[in-house]
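Engineer: Given next are the chains, with one letter for each unit.
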Amino acid sequence: MSAVMPTEPVAANAAMRRTKSLSERMRYLWYLGRRSPLTLVGVAIILAVLVMIIAAPFIAPYNPDKVSLTARLLPPSAAHWFGTDEVGRDLFSRVIYGARASCGAAFMIVLISMSVGVLIGCFSGVVGGRVDTAIMRLMDVVLALPALVLAMALAAALGPSLFNSMLAVAIVRIPAYVRLARGQTLSLREQVFVKAARTYGASPFYILRWHILPNAMSPIIVQATLDLGGVVLIAAALSFIGLGAQPPTAEWGALVSSGRSYMLDQWWYATFPGLAILITAMGCNLVGDGIRDMLDPRLRGR
Amino acid sequence: MTESVETMMRPVLEVSDLHVRFPASRNWLGRPTSHVHAVNGVNLTVRAGKSLGIVGESGCGKSTLAQAIIGLAPYEEGRVKIDGEDFQGAQGKQKRALRQKMQIVFQDPQSSLDRRLPVWRLISEPLHIRGGRSRAELHEKAEELAVAVGLRPEHLDRLPHEFSGGQRQRIAIARAISTDPELMVLDEPTSALDVSVQAQIINLLLKLQRERGLTYLLISHDVALVRHFCDDVAVMYLGQIVESGPADEVLRNPRHPYTQTLLAAAPSFESPLPDIAQVRAGELPNNRHLPDGCFYKQRCDRISGGCEAGQVLRRLSDSARHVRCHLAQA
Amino acid sequence: MMTTGTAEPRGQALAINNLSLEFPTFSGAVKALDDVSISVGKAEIVGIVGESGCGKSVTTMAATGLLPKGRYRVTGGTVRLFGHSTLSMDDSQLQDLRGKVVSTIFQEPMNALNPTIRIGRQLTDVIMRHEEVGPADARRIARDILADMLIGEPERVMNLYPFELSGGMRQRVLIAMAFSCNPGLIIADEPTTALDVTVQAVILRLIQNRARRTGTAVIFISHNVAVVSQLCDRLYVMYAGRIVEHGATRTVLETPQHPYTQALLRCLPERVAPKQELEAIPGAVPNLLQPPSGCYFQPRCKEAVEQCRSQTPQLTGADGQQVACWRRGVAVELPEQGGRR
Numbered sequence: 001m002s003a004v005m006p007t008e009p010v011a012a013n014a015a016m017r018r019t020k021s022l023s024e025r026m027r028y029l030w031y032l033g034r035r036s037p038l039t040l041v042g043v044a045i046i047l048a049v050l051v052m053i054i055a056a057p058f059i060a061p062y063n064p065d066k067v068s069l070t071a072r073l074l075p076p077s078a079a080h081w082f083g084t085d086e087v088g089r090d091l092f093s094r095v096i097y098g099a100r101a102s103c104g105a106a107f108m109i110v111l112i113s114m115s116v117g118v119l120i121g122c123f124s125g126v127v128g129g130r131v132d133t134a135i136m137r138l139m140d141v142v143l144a145l146p147a148l149v150l151a152m153a154l155a156a157a158l159g160p161s162l163f164n165s166m167l168a169v170a171i172v173r174i175p176a177y178v179r180l181a182r183g184q185t186l187s188l189r190e191q192v193f194v195k196a197a198r199t200y201g202a203s204p205f206y207i208l209r210w211h212i213l214p215n216a217m218s219p220i221i222v223q224a225t226l227d228l229g230g231v232v233l234i235a236a237a238l239s240f241i242g243l244g245a246q247p248p249t250a251e252w253g254a255l256v257s258s259g260r261s262y263m264l265d266q267w268w269y270a271t272f273p274g275l276a277i278l279i280t281a282m283g284c285n286l287v288g289d290g291i292r293d294m295l296d297p298r299l300r301g302r
Numbered sequence: 303m304t305e306s307v308e309t310m311m312r313p314v315l316e317v318s319d320l321h322v323r324f325p326a327s328r329n330w331l332g333r334p335t336s337h338v339h340a341v342n343g344v345n346l347t348v349r350a351g352k353s354l355g356i357v358g359e360s361g362c363g364k365s366t367l368a369q370a371i372i373g374l375a376p377y378e379e380g381r382v383k384i385d386g387e388d389f390q391g392a393q394g395k396q397k398r399a400l401r402q403k404m405q406i407v408f409q410d411p412q413s414s415l416d417r418r419l420p421v422w423r424l425i426s427e428p429l430h431i432r433g434g435r436s437r438a439e440l441h442e443k444a445e446e447l448a449v450a451v452g453l454r455p456e457h458l459d460r461l462p463h464e465f466s467g468g469q470r471q472r473i474a475i476a477r478a479i480s481t482d483p484e485l486m487v488l489d490e491p492t493s494a495l496d497v498s499v500q501a502q503i504i505n506l507l508l509k510l511q512r513e514r515g516l517t518y519l520l521i522s523h524d525v526a527l528v529r530h531f532c533d534d535v536a537v538m539y540l541g542q543i544v545e546s547g548p549a550d551e552v553l554r555n556p557r558h559p560y561t562q563t564l565l566a567a568a569p570s571f572e573s574p575l576p577d578i579a580q581v582r583a584g585e586l587p588n589n590r591h592l593p594d595g596c597f598y599k600q601r602c603d604r605i606s607g608g609c610e611a612g613q614v615l616r617r618l619s620d621s622a623r624h625v626r627c628h629l630a631q632a
Numbered sequence: 633m634m635t636t637g638t639a640e641p642r643g644q645a646l647a648i649n650n651l652s653l654e655f656p657t658f659s660g661a662v663k664a665l666d667d668v669s670i671s672v673g674k675a676e677i678v679g680i681v682g683e684s685g686c687g688k689s690v691t692t693m694a695a696t697g698l699l700p701k702g703r704y705r706v707t708g709g710t711v712r713l714f715g716h717s718t719l720s721m722d723d724s725q726l727q728d729l730r731g732k733v734v735s736t737i738f739q740e741p742m743n744a745l746n747p748t749i750r751i752g753r754q755l756t757d758v759i760m761r762h763e764e765v766g767p768a769d770a771r772r773i774a775r776d777i778l779a780d781m782l783i784g785e786p787e788r789v790m791n792l793y794p795f796e797l798s799g800g801m802r803q804r805v806l807i808a809m810a811f812s813c814n815p816g817l818i819i820a821d822e823p824t825t826a827l828d829v830t831v832q833a834v835i836l837r838l839i840q841n842r843a844r845r846t847g848t849a850v851i852f853i854s855h856n857v858a859v860v861s862q863l864c865d866r867l868y869v870m871y872a873g874r875i876v877e878h879g880a881t882r883t884v885l886e887t888p889q890h891p892y893t894q895a896l897l898r899c900l901p902e903r904v905a906p907k908q909e910l911e912a913i914p915g916a917v918p919n920l921l922q923p924p925s926g927c928y929f930q931p932r933c934k935e936a937v938e939q940c941r942s943q944t945p946q947l948t949g950a951d952g953q954q955v956a957c958w959r960r961g962v963a964v965e966l967p968e969q970g971g972r973r
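Chains as they are written, first to last, in my numbering: chain A, 1 to 302; chain Z, 303 to 632; chain H, 633 to 973.
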């Protein structure tokens, strides 16, 4: 309903983006954020997790692997905020260090599937024809594989390790990016500025490099951010069933898994790592939704 | 002086018997089972330094014609010659050279400029693609072109969304003249702009034509604009030229019934709204199955005996124009 | 036909008085309308002319409550639509008004029709919502009005889906829909901009004929001055959210007073010899976040003087033609060209 939306605010928005100073930009981001407080919450969560990853040794009060048999399964207290586990390790420290394994794994998975997927998708869209059809059917096959089953198969074949399970999850995630990138490529290929480039004799590679990839990236990045939340859950799930990070590595899924046996009497053991997973996944989703709304042209200029 | 007379007479663009059709439906093997016949046998010539306007309503094939000429719509029948050389058949170096001689300006500068590239990069894109120039050289060349179309050097590092529609069209024009072309195809270059801005762009195009001796092929639905801008005009209906000749003559005293209808319907300050009967506003016939005989006969109000036969574009004995109607030819 | 509006002076269909409206944005308020007054008499065809972004659509959308809620702020003025004060009405009251008292025809007919419902059903739904008739009668009314729009086989068209019609046919269906409940006012917002000239001529004729016959008032919004000149009794010229000139169509177009109206007419190719330079208006429309002082056209005006920069001109003049320009207190001869830029 373009006729209904007044054009003036759009012009004003363009006027705003003309201003280049950093403080102006920060002020604009704050203005956008204020209108969706949930996105700000998400950003805060992601920032907190990032700080945990980077500064774990400075935040964590104890060495996460330090065993203390005198302090086994202590409830949360001033000394041990999240309590301790069955060999007396400080759970708060383990949760903080766990962010590295959990989120690092999730990040790697998304990065791998995104780059491979985008490459395949753009290639498929640019080449077209039978190659395109073949690639897309192959992707349909991959899409039919359940991530956990593939992970178990890989673990059985190559031995359980965080890397193998990451690989399995990444493979299963590729088709989503292939489809997205291919769709973007197909629609961008029909854009007038791409046609113009073709009349100048631009090669398919030139068009891909200068016109398609830069313009296709925003929806792909949104997809990746949204994916991150889900992948954090899956990575944790893999570790939980013993296919991912192996003890004694501090990893949230593995922590929940070992805490499971003490669920009834020592509630804190499984609860705090579980909360960490929940909050991180939620943060990723909130940020992803926020970025999507921001990039949606229909919501621009509000 | 003799040389300039010679260049004036030389045709920059020659289109002969051009047919463009697109597959409309395919069978399960992917072979086309029916076609949309967009351009059905077009012949035209544009001499150096002149402007030819193509007028017609949506669906008449004028945009497809432009795309075929510029190389965006492949065709199996007919020929497009730039400076006497066949464009579609050219290969390698020759094709590259021909590309430089011909540029297109699209209707909507919003979509014809990649919104992620800065202005200098947009303007110099044809040169960038050709290769062999450093970034600094491209930037310098872009500055020169930007000034030529009335932009300021400080605009060069901005992104297209920071400009108004008129300024964006100036960017697109600067890009088109970057290779120093001989022929510019203008596909409704001002339809997306306000009238006051349209005037700026038209003035700019006329100025560039005077300064650089450009040859224009203007695709437009705006009769008044074509009358103002072009030396010659060709009126298209259902993929065929139905009338062509000097713009002023054809658009003041049309001879083909369709041209007459088109002119009667064009909004004007001088005349009141035409009667509905006068406009004969039938729909364009389906271009999947071309009609037999005259393409216009379903809408024509002067239908008579000879209309069942296919009509030929023939020069009238008493003027410089061609008309595809046996009644006008008689 | 209309039961309302008897209390209005001179039987006005729409009276917008001193309407000011702004869109709040990050960088401040965009002053989309400033002190806009428009009156439309019953059975009158009135044009609003201006370039994109001049506020011509915003004016009528504000008057009929079609602007997105919460995105705009009315900072002054009143709207009376057949005696109803639409600015203070809630959604359901406006809903009752739309279709019955006022209908709008938009530029893009595809967006205004539901693609999954047959034409006939969409028409009868509208008729039954506003008139107390049964399905059979509604269908009969719909058929008659389609026939009135010169649609060949109304029965067949009513069984089609919108995508099966051409753009011109869809626009006719929408006009039929707009007229179907005999509203007192039709707002046609660039209804023919997306259409070919032959189709446009027919559509304009259809609107004109039906409006004249049923005594419906029409507001015709367009950027095309020639079209407005063929259709409208009176016209308003808008620039940057203000009305700069209004009067009888003939008068305004034959003896334009405001420099903007004059420039708008002079830059048309119709009026200049082939290949001659057109008189383009230099510069661009002002940014309504920080509008210029005084007259909004002043930065682009050849005739601007100090007063134009310091004070905002009001519409003045006899009823036949009013101009908001300090240089045109009374009708004056056009000064020599080549004044200040």
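The hints are simulated quantities; they were obtained by calculation from the structure and are not laboratory data. The reader is advised that the hints may include incorrect statements.
Using 25 Å as the maximum straight-line C-alpha spacing, the simulated BS3-like pairs for lysine-lysine come out as follows [as the list claims (entries may be wrong)]:
1) Lys907/H - Lys352/Z
2) Lys383/Z - Lys395/Z
3) Lys66/A - Lys383/Z
4) Lys599/Z - Lys352/Z
5) Lys395/Z - Lys443/Z
6) Lys403/Z - Lys907/H
7) Lys403/Z - Lys195/A
8) Lys397/Z - Lys195/A
9) Lys907/H - Lys509/Z
10) Lys195/A - Lys383/Z
11) Lys443/Z - Lys383/Z
12) Lys195/A - Lys599/Z
13) Lys383/Z - Lys397/Z
14) Lys701/H - Lys674/H
15) Lys383/Z - Lys352/Z
16) Lys701/H - Lys509/Z
17) Lys397/Z - Lys443/Z
Over 12 Å on every C-beta distance to chain H, these chain Z residues come out as not near it, computed from the model [unchecked claim]:
18) Gly468
19) Thr481
20) Gln511
21) Pro569
22) Arg590
23) Ser621
Note that beta-carbon positions come from the ideal geometry of N, C-alpha and C, so glycine has one too.
Engineer: Determine for every hint whether it applies to the structure shown.
Structural biologist: Against the structure, the hints:
no. : hint                : verdict
1   : Lys907/H - Lys352/Z : holds, 11 Å
2   : Lys383/Z - Lys395/Z : holds, 16 Å
3   : Lys66/A - Lys383/Z  : violated, 82 Å
4   : Lys599/Z - Lys352/Z : violated, 33 Å
5   : Lys395/Z - Lys443/Z : holds, 23 Å
6   : Lys403/Z - Lys907/H : holds, 24 Å
7   : Lys403/Z - Lys195/A : holds, 17 Å
8   : Lys397/Z - Lys195/A : holds, 17 Å
9   : Lys907/H - Lys509/Z : holds, 10 Å
10  : Lys195/A - Lys383/Z : holds, 21 Å
11  : Lys443/Z - Lys383/Z : violated, 29 Å
12  : Lys195/A - Lys599/Z : violated, 36 Å
13  : Lys383/Z - Lys397/Z : holds, 12 Å
14  : Lys701/H - Lys674/H : violated, 29 Å
15  : Lys383/Z - Lys352/Z : holds, 16 Å
16  : Lys701/H - Lys509/Z : violated, 47 Å
17  : Lys397/Z - Lys443/Z : holds, 23 Å
18  : Gly468              : violated, 7 Å
19  : Thr481              : holds, 25 Å
20  : Gln511              : violated, 9 Å
21  : Pro569              : violated, 4 Å
22  : Arg590              : holds, 15 Å
23  : Ser621              : holds, 18 Å
Hint compliance for this structure: hints 3, 4, 11, 12, 14, 16, 18, 20, 21 are broken, all remaining hints hold.
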